[in-house]
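Going down the list, the sequences are from chains X, Y and Z. The first sequence lines up with residues 1 to 281 when you count with the numbering used here. The second sequence lines up with residues 282 to 590 when you count with the numbering used here. The third sequence lines up with residues 591 to 1070 when you count with the numbering used here.
Hints should not be assumed to be uniformly reliable.
Here are the simulated distance ranges between beta carbons [what the hints assert, rightly or not]: (1) Glu357(Y) to Ala93(X): 56 to 62 Å; (2) Ala93(X) to Val384(Y): 37 to 43 Å; (3) Val384(Y) to Leu24(X): 19 to 25 Å; (4) Trp55(X) to Ile373(Y): 32 to 38 Å; (5) Ala1056(Z) to Glu357(Y): 47 to 53 Å; (6) Asp226(X) to Gly826(Z): 45 to 51 Å; (7) Asp226(X) to Glu357(Y): 32 to 38 Å; (8) Leu359(Y) to Asp712(Z): 43 to 49 Å; (9) Lys717(Z) to Asp226(X): 29 to 35 Å; (10) Leu333(Y) to Arg110(X): 23 to 29 Å; (11) Glu63(X) to Glu980(Z): 38 to 44 Å.
Please keep in mind that the hints were generated in silico from the structure rather than gathered at the bench. The model shown is predicted, which means the values in this text are computed figures rather than measured ones. Just so you know, even glycine gets a beta-carbon here, dropped at the ideal spot from N, CA and C.
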Amino acid sequence: MNAQNSRWKRQKSLKKAVRFALALLLTAFFLAPVYWIFITALKSPEEIFAVPAVWFPEQLHFENFTSMFSAGELKPIFNSLLVATFSTLLALAVGTLAAYSLARYRTGGRALAVWIISLRMLPPIALAFPLFLFFAMLGWVDTYHGLILLYAAINLPYVIWVMRGFVEDVPLELEESAAIDGASRWQILWYVVFPLVRMGMLATGVFAFIYAMNEFAFAVVLTRVDVLTFTVKISHYFGNQTTSWAWIAGLAVLGSLPVFIAVLVMQRYLVRGMSMGAIKG
Amino acid sequence: MKNGRLNRTLIRNNMKSSTGGGAGDRRFQYLALSPAIVLLLLIGAFPVIYNLVLSFQSQTMLDPDTSFAGLANYQELLSDNRFWGAISHTLIIAGFALPVQLVLGLLMAHLFVGELPGKRLFIALLILPVVIAPVVAGAAWRLFLDNSFGPVNAIISWFAGGPVKLLWTVDPTLVYPTIIIVEVWQHTPFVFLLSLAALLAVDRSQVEAAQIDGASGWTVFWWITLPAIMPVLGMVMLIRFIDIMRIFEMVLSLTEGGPGTRTETLSLYTYTTGFKDFSLSYTGAIAFVTIIMMSVVLWVILGRMERGR
Amino acid sequence: MNKAKRLCAIACLAVVATWLTTAQAQPSAAQTAIEAAKQYSGSTINVVWPAGVGALGQKVFAAPLFEQLTGVKVNIVEAPPTDVYIKVVAEHRAGTGGFDVVSLVPSWLTDLSIAGIIEPLDELVDKYGFAAELQGIEPAYRNNWMTHGGKIMAIPDDGDVLLLFYRKDLFNDPANKEAFKAKYGYELAVPTTWEQFSDIGWFFTNTYQPDLYGASVIHRSGLMQYFFQERFRNAGGRFFDVDSMDAQINDEIGVKVATQLQDEAEFMPPGSENWNPVEVLTAWLSGRVAMITWWPPPGRWSEGYGTDNEALKWVPESQIKGKVGYALSPGGNPELALGWSLAVSSNSRNKELAYLYIQWVNSEEISLQRVQLPYSLRDPFRASHFESAEYRSRWDNADEYLDVLRQGAQIGMLDLSIRNTFQYEEALARAMQRLMAGEDPQEVMNEAAANWDKVTRRTGVDKQRAAYEEWAAKPNAYPQ
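All chains, full assembly: derive it from the sequences and hints.
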């Protein structure tokens, strides 16, 4: 009995070790390209083009970043952050209101809800050219407000869809008792609902922010100079006669870091955010 | 979840009775929604209609000719091999990447269901590819797979015991595997994370009861676990399918649609006709057809999902 | 610090120049431009420039100096070279008047002129007395890149020409000479035909690989198509049949050139099938290839001229100083590929000022300084540049370098420039990509020709014939 038990235990721990090794291997596979782009940003020009490839540079070179900074190449990072932040705030404000209306009144019924989420799934490039002509007419091409409004609109379906779930989670009784106490709709929204969905908004906001940071198709058509985002700037480097991988990697690192940090901080809400609210993690 | 459903059946009556129903409430209902609708029309109605209008003209970026051109653009579209090629290229990527992502993601989720040291850290790291910008993912892999300066071929050469030349982003036989590998790499963690959440939510008592009855692991998975996680898997598949159908910048930074137009996806082709050929009206026709095709698929699937909600 | 010093030196130079010109009574074009621009002090102009290091010549040198001299703020707007066209056209369509000075590749001249995106400059050239100095621009650039429909539309600003750089030490090595002659039956010397280029390439690869390969050329599709254009015409090819306007790039000559381009990749470094300029340059500077064809800048960087500059940090240190020889690319007439001109945007709200800036940067005085900036990527294009004693003493064999450049400028050929040129280039670029992927040259060129015909039909055969005939009549369109 005892011997069997210990063998069973040994087998179990062996199994666990194998699983751990597998997990380690998988993580290595999924992180390797990320590591490569990060380490490339920290290599010297000779090391980037070394044959065979250098896994660990002898010394970390931060000159790539400083030379990008002094050449004024970092403005796209600032643009991306700015546009992503403000479009997210706008989408959250407008979207949460709409989500409340949808959740509590079922405004527009199923058709409206389906229409809204279907917008999230249209191919951006198919919308970009009419918007380019429209923006050209308004003088909005390559402006912050143009891109902020557009990104807010693009994120809106997602925000509405997820926030609808968070609003539904708010116990109706709380709203009812506030209403009985004579609170107006707006007061209920502000004093009862908002504090309870705040974390939900934060989680939703993180995903809207990531989407806006990473967006490319609209930005490539609708920005030229002033509002160039970092994803478009990276694609520009591919077309250049002279720029090196160091700058592509440098920009990639700086553009990815805010997103990585946001995700690590919001770990708890990842599942719910990614499943568009379908799984309440 | 259950609570939510219970609530909704009460919503109408409750809300109305507690506030006296009436016009004020209705005004609030629409007032709260209206800013969102205005913004949504900007992307949801205007461009669609404008694409349609454009497609009946022969505008180019250099020549703003708005005269009526009839169905010429649609006629050209029907016989445009590059357009149909672009659709099939996109479907090829979806056809291979989607099943691989799904199976790999599920297997990974299975690996992580039980206890594992450092589980939280693993998950945190595994999720990073998902949130990387696709243009960065493409750039990273292009460098990673470079024949001379990338580590992958160096490793393969080491195993092979001699220099191996594999032109991942150039060789016609390798470009699709490359794109599919990168797509699988970037989004398997997404499948993994959601599957894991779904697996963890499966009712353990049912599984245990089946195990006591002597059911094998496979039987349990097929008859109990899979049906339980099916709704989540269905949604995961939908999201991935839609995303792959509009795949764009990742391919752009990997192969630029090449060699030739061999890996040109629907989005890449739309971009080329619009911003390199400058044929705005033709682009409008392509975009309109694309939107209609995608919308039909979406409305059918989403309508069904929303009904089940 | 460096910058302040340079500015100081330039200011001194300007003073001397002023003194010289006042002494001569006739003010220089630069001086005229500065005097006239002063009345716009306080305003701003936007100048579109190809992005990257090249733009630093503007951002670090020209723009600040102009502001200092006139009080006009010059804002440099960057776009990647191949995207400049897209940006300029899109900006014109957006109509925001965001660009005042436009950079353009001369092959876009036809399209930009016809669409009315750039302004005729004849009146302004007369008004500000620039005609005399325009005569100082090398004839090939002046006669081909400047006018459309008989009007001055753009001012040539960059003497681009494709060159062959080769390693003198390897070519002069007695052992190599002997072995080469034994194998190929003729002397090892700088190749003048592509067949020789191929022999020599194979010879070096077989002798030295994997440490060194015979040659490397840019295979990035958008740039490689220039090599095809050059070699196709040198071999006797004609782009179109003038009567039918059918594309002829898939004829016997076209397929032969395509096959050569494909075969040559065999002796180049493994994996170089998708190399960008930077990878080719890196292999060259680190001494891993015996020959490259490139635009002029590697000639300067090979000697380490200016590469200690912060802006050129990305250029790997040259291992081949003093070992570099220069020649025209084999086959006869090198292509004046790319090249940049300057024009005034028709949407500009300040066309006169935009023109004055062009006249100033392009003038004898300022352009001579610009083509000597290590990071400007602008190559000599005026007689005075090629003859400059200062430039000729920049490094040991700088005089050879300038002589070869000038020779190229004299016999170089133009990029195809007709209506919708961009679409023809795009189709050709895709064909190059397929060649590098190892696909059948005949099939590849057939498809490219079919795509050309499609663009021609869409453009209108008669319209295109007229544009093609105007272009083909230019002295440097085809080898004479």
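Structure-based check of each hint:
For Glu357(Y) and Ala93(X), the Cβ-Cβ distance of about 44 Å falls outside the hinted range of 56 to 62 Å, so the restraint is violated. At roughly 41 Å, the beta carbons of Ala93(X) and Val384(Y) sit within the given window of 37 to 43 Å. About 21 Å separates the C-beta atoms of Val384(Y) and Leu24(X), a value consistent with the hinted range of 19 to 25 Å. Separated by about 34 Å at the C-beta atoms, Trp55(X) and Ile373(Y) satisfy the suggested range of 32 to 38 Å.
Take Ala1056(Z) and Glu357(Y): their Cβ atoms lie about 24 Å apart, and the range 47 to 53 Å is violated. Roughly 49 Å separates the CB atoms of Asp226(X) and Gly826(Z), a value that falls within the hinted 45 to 51 Å. Between Asp226(X) and Glu357(Y) the C-beta distance comes to about 36 Å, which sits within the given range of 32 to 38 Å. Checked against the hint of 43 to 49 Å, the pair Leu359(Y) and Asp712(Z) passes, with Cβ atoms roughly 48 Å apart.
At roughly 33 Å, the beta-carbon separation of Lys717(Z) and Asp226(X) lies within the given 29 to 35 Å, and the hint holds. The given range of 23 to 29 Å is respected by Leu333(Y) and Arg110(X), whose C-beta atoms sit roughly 26 Å from each other. A hinted range of 38 to 44 Å is violated for the C-beta pair Glu63(X) and Glu980(Z), which are about 31 Å apart.
Checked against the numbered hints above, the structure breaks hints 1, 5, 11 and satisfies the rest.
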